[in-house]
Amino acid sequence: MNLENRKRELAKEFSPLLEKTTKTSKIWMGFLILVILVGVYAFFVQLFKGHIVTGMRDNVVWGIYIINFIFFVCLSYSGAFISGILHFFKTPWKNSVSRIVEIITVLSLIIGPIFILLCIGRLDRLHYLFIYPRIQSPITWDIIAIMTDLIGCFIYLYLTFIPDFAILRDNSEEAPKWRQKVYKFLAIGYRDIPTQREKLHKITRTMSVMVIALAIVAYSVLAWIFSLTLQPGWNSSIFAPYFIIAGLYSGIAVIIIAMYLIRKYYHLDHYIRKVHFIGAGVILLVVSLLFGYFTFSEYFSRWFSHKTHDTNLLNTLFTRYFWMFIFANYFGVLVPIVILFFKKLRTIKSITFAAIVAIVGLWFNRYLIVVPTLETPYLPIQDTREEFVHYTATWIEWALSFAGVAAFILFFILIMKLVPIIPMSGIIDNEREQKKNKKSFKKIVTE
Amino acid sequence: MENKKTEKGNTNRRNFLKLGLMSSVTAVAGASLISNLAIQEEEEVAESGEKMRLLTPDGKIVEVDASNVNKYPEALITPEESRKGIPNRKFVMVIDLARCKNARKCVEGCQKAHNLDYNEEFMKVQLIQDNPEASPYWFPKGCFHCDEPPCVTVCPTGATFKREDNIVLVDNDRCIGCKFCITSCPYSARQFNWGHKDKFDDKSQPYSPETSVPAAEGTVMKCDFCPDMLRQGKLPHCASSCPMGVIYFGDKNEDIVTNGEETVRFSQLIKDRGGYRHLEHLGTKPNVYYLPAVNRQFPLERGFDVEEDIIERYKDVPFVQDLKKQGKI
Chain E
1 MNLENRKREL
11 AKEFSPLLEK
21 TTKTSKIWMG
31 FLILVILVGV
41 YAFFVQLFKG
51 HIVTGMRDNV
61 VWGIYIINFI
71 FFVCLSYSGA
81 FISGILHFFK
91 TPWKNSVSRI
101 VEIITVLSLI
111 IGPIFILLCI
121 GRLDRLHYLF
131 IYPRIQSPIT
141 WDIIAIMTDL
151 IGCFIYLYLT
161 FIPDFAILRD
171 NSEEAPKWRQ
181 KVYKFLAIGY
191 RDIPTQREKL
201 HKITRTMSVM
211 VIALAIVAYS
221 VLAWIFSLTL
231 QPGWNSSIFA
241 PYFIIAGLYS
251 GIAVIIIAMY
261 LIRKYYHLDH
271 YIRKVHFIGA
281 GVILLVVSLL
291 FGYFTFSEYF
301 SRWFSHKTHD
311 TNLLNTLFTR
321 YFWMFIFANY
331 FGVLVPIVIL
341 FFKKLRTIKS
351 ITFAAIVAIV
361 GLWFNRYLIV
371 VPTLETPYLP
381 IQDTREEFVH
391 YTATWIEWAL
401 SFAGVAAFIL
411 FFILIMKLVP
421 IIPMSGIIDN
431 EREQKKNKKS
441 FKKIVTE
Chain R
1 MENKKTEKGN
11 TNRRNFLKLG
21 LMSSVTAVAG
31 ASLISNLAIQ
41 EEEEVAESGE
51 KMRLLTPDGK
61 IVEVDASNVN
71 KYPEALITPE
81 ESRKGIPNRK
91 FVMVIDLARC
101 KNARKCVEGC
111 QKAHNLDYNE
121 EFMKVQLIQD
131 NPEASPYWFP
141 KGCFHCDEPP
151 CVTVCPTGAT
161 FKREDNIVLV
171 DNDRCIGCKF
181 CITSCPYSAR
191 QFNWGHKDKF
201 DDKSQPYSPE
211 TSVPAAEGTV
221 MKCDFCPDML
231 RQGKLPHCAS
241 SCPMGVIYFG
251 DKNEDIVTNG
261 EETVRFSQLI
271 KDRGGYRHLE
281 HLGTKPNVYY
291 LPAVNRQFPL
301 ERGFDVEEDI
311 IERYKDVPFV
321 QDLKKQGKI
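These protein sequences, in sequence, are chains E and R. Numbering of the first sequence is given in our numbering, commencing with residue 1 and proceeding in unit increments. Numbering of the second sequence is given in our numbering, commencing with residue 1 and proceeding in unit increments.
To be clear, the hints were calculated from the coordinates, so they are not data collected in a lab. Check the hints yourself; a few may be wrong.
Just so you have them, the derived chain R footprint on chain E, three or more residues with Cβ under 8 Å [unchecked claim]: (1) 133-145; (2) 229-239.
Listed next, the in silico SDA-like pairs over lysine to any residue satisfying Cα-Cα at most 25 Å (straight line) [as the list claims (entries may be wrong)]: (3) K184/E <-> D429/E; (4) K315/R <-> K184/E; (5) K307/E <-> S188/R; (6) K285/R <-> L379/E; (7) K307/E <-> K197/R; (8) K197/R <-> F44/E.
None of these values were measured; they are calculated from a predicted model. In this text, a Cβ means the ideal position worked out from N, Cα and C, and glycines have one as well.
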């Protein structure tokens with residue numbers, strides 16, 4: 001009975017988050033929808049006029065679309081990775097962040113592949129990928145990996161939602177009819193009986209391991225799209241692990257930023273505490289050290305062995321892309337390291353700042369992997385058309401990129417309207433654990 | 001009892017694994033079956049009922065259905081037929097760098113034949129200077145039609161393919177425009193149709209991968225070795241339009257190449273003149289060979305007798321920068 005009361009309490013506590021929409025959040029959502037609409041317009045312009053409206057040409061055939069693709073997909077893989085680890089090792093402070101991580105995972109996994117579709121010249125022939133599949137092509141591997149990962153992540157996310165759907169179904173008498181119906185359908189008859197609970201825990205645990213494995217496979221395949229070609233800047237054996245680390249780096253940074261925004265705008269200081277930021281900050285520190293190490297070894301070996309074509313690439317990087325290179329690979333790594341290394345500097349705001357620097361730096365790091373390589377092919381580009389020699393993204397590409405980010409934030413807000421961002425079942429589980437510990441502690445004392 | 005239970009669990013798991021394997025196998029088999037069926041359907045042509053009488057080369061008269069008669073006897077090879085290649089041939093090209101003076105006739109001949117615009121070039125003439133001391137040379141470059149083509153490996157739909165006669169073609173009916181082949185080609189041999197052009201709508205000539213005409217928006221195109229000309233026993237357009245006889249073309253099986261004026265043994269030519277393949281170390285095994293630019297027939301400067309716009313292309317070559325400083329161009 002006590003448990004039921006606690007559930008009711010929690011459902012009440014979180015109901016304003018689900019049902020009330022403040023004015024500022026309405027304005028925000030309107031703004032996000034506007035950005036998305038501009039993106040949709042840009043998409044139709046590209047669809048009807050062709051890829052000529054983008055900055056991509058015969059040498060740089062992949063631009064910021066593919067960068068956003070890698071960026072979002074990496075984000076999602078790292079989300080899956082982190083959430084899998086949180087679940088599997090039953091990390092003590094996981095409850096407050098686990099749902100944020102899971103939502104990031106699924107949303108970025110939906111938005112990422114949209115960017116790869118924007119790279120495709122003939123969307124009307126997309127089904128040829130399934131009619132005439134060729135298993136030799138890394139693109140086919142990538143399609144299989146991403147689809148498997150998407151399904152796996154959806155199942156996993158849904159599993160973690162079930163107990164909360166059940167609580168909401170039982171405790172939302174005042175909510176509108178459609179909401180009640182949705183909760184009832186989504187809870188699939190979960191009654192929180194010990195056997196059910198046991199089963200669900202087991203399945204979730206299994207899925208959390210599967211999701212980690214899927215993430216590693218899918219990451220590597222994504223990196224292979226580049227590293228299996230013969231191009232000087234791409235043909236590198238460390239690309240797969242490098243992408244995994246880079247993905248983790250961006251993933252943790254986005255989690256920190258999301259925690260900061262949610263804590264600030266939803267007043268969840270009680271649940272998302274400084275200890276969470278410090279924990280995430282320390283992980284970011286470790287990953288940024290690793291990421292810096294990988295970046296260093298990648299460029300250092302190219303510079304030291306100085307094969308002609310590698311030298312050409314480095315020349316491009318250190319002339320035309322000098323400041324971007326400095327920002328992405330020096331500031332983007334060193335600033336987070338310095339902030340997170342010293343205990344005194346670890347405040348919520350500074351950790352969030354480090355995360356923002358990390359994520360912007362990482363996006364430019366991806367840019368430097370994709371574009372300069374394509375601008376420095378084996379045979380020198382001899383062309384008088386500026387747009388064929390150098391790549392600059394057009395407003396169409398930027399509009400679609402920002403639309404992707406806006407869609408990410410908008411969907412995030414909408415999902416938070418459906419289920420509480422802090423898992424209620426997790427809170428209850430925690431309290432149960434604590435009670436058990438107390439009891440056993442008492443037992444030990446009395447004995 | 002305990003044992004039995006675990007045994008049962010094991011067999012269940014085994015069955016499950018089996019099922020998984022089986023289902024994936026059937027999925028693959030099914031997919032290939034479907035694609036096979038699709039091919040067969042394409043090949044079947046509805047009989048028109050109208051009969052035609054034809055005289056065969058050995059003097060017999062035969063009656064065939066009108067629909068079986070190829071309406072474009074010389075030009076049209078359907079995308080499906082173009083995958084097979086010309087039997088018993090292994091085409092090779094040999095480019096004699098000692099004779100090239102950047103006359104650009106190969107570029108123009110190719111552009112005319114493939115209905116390409118001013119800046120669209122399957123055949124490019126580059127100015128290469130291997131090192132600061134080396135003398136630069138003109139370097140005509142199309143597609144190398146590699147024996148280990150990276151572009152074909154990465155294509156997710158089989159739109160680009162390697163034929164038995166060494167030629168690598170693109171079927172723009174099947175290309176989805178992912179551009180992966182462009183990024184994986186180390187020789188920058190491929191072009192993309194970025195926007196719509198009126199010439200794509202010109203359907204007077206039915207599309208064939210062997211002619212690459214008409215091109216299509218959002219698909220990839222490249223040098224195709226002109227198989228339509230080869231079928232007629234003629235040289236590719238670049239070879240036949242070169243006034244200097246730079247480009248030799250021929251069949252490796254017969255060990256013969258010709259530039260239209262002289263016909264030589266391929267193996268002998270490569271041996272005597274030190275023939276090499278560009279970027280051999282990449283392991284792509286190109287079918288285009290180069291003869292080094294030694295004992296040149298023309299001074300390099302003759303190549304600058306072209307439009308200003310073309311000269312501007314070579315501005316990054318150190319030699320050209322020197323020439324400009326001296327005020328020679």
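Going down the list of hints, with the structure as the test:
1. 133-145: holds (count 8)
2. 229-239: holds (count 3)
3. K184/E <-> D429/E: Cα-Cα ~22 Å, so holds.
4. K315/R <-> K184/E: violated (71 Å)
5. K307/E <-> S188/R: Answer holds: K307/E to S188/R is near 19 Å, not above 25 Å.
6. K285/R <-> L379/E: Answer holds: K285/R to L379/E is near 17 Å, not above 25 Å.
7. K307/E <-> K197/R: Judged against 25 Å, a Cα distance of about 41 Å means the pair is violated.
8. K197/R <-> F44/E: holds (18 Å)
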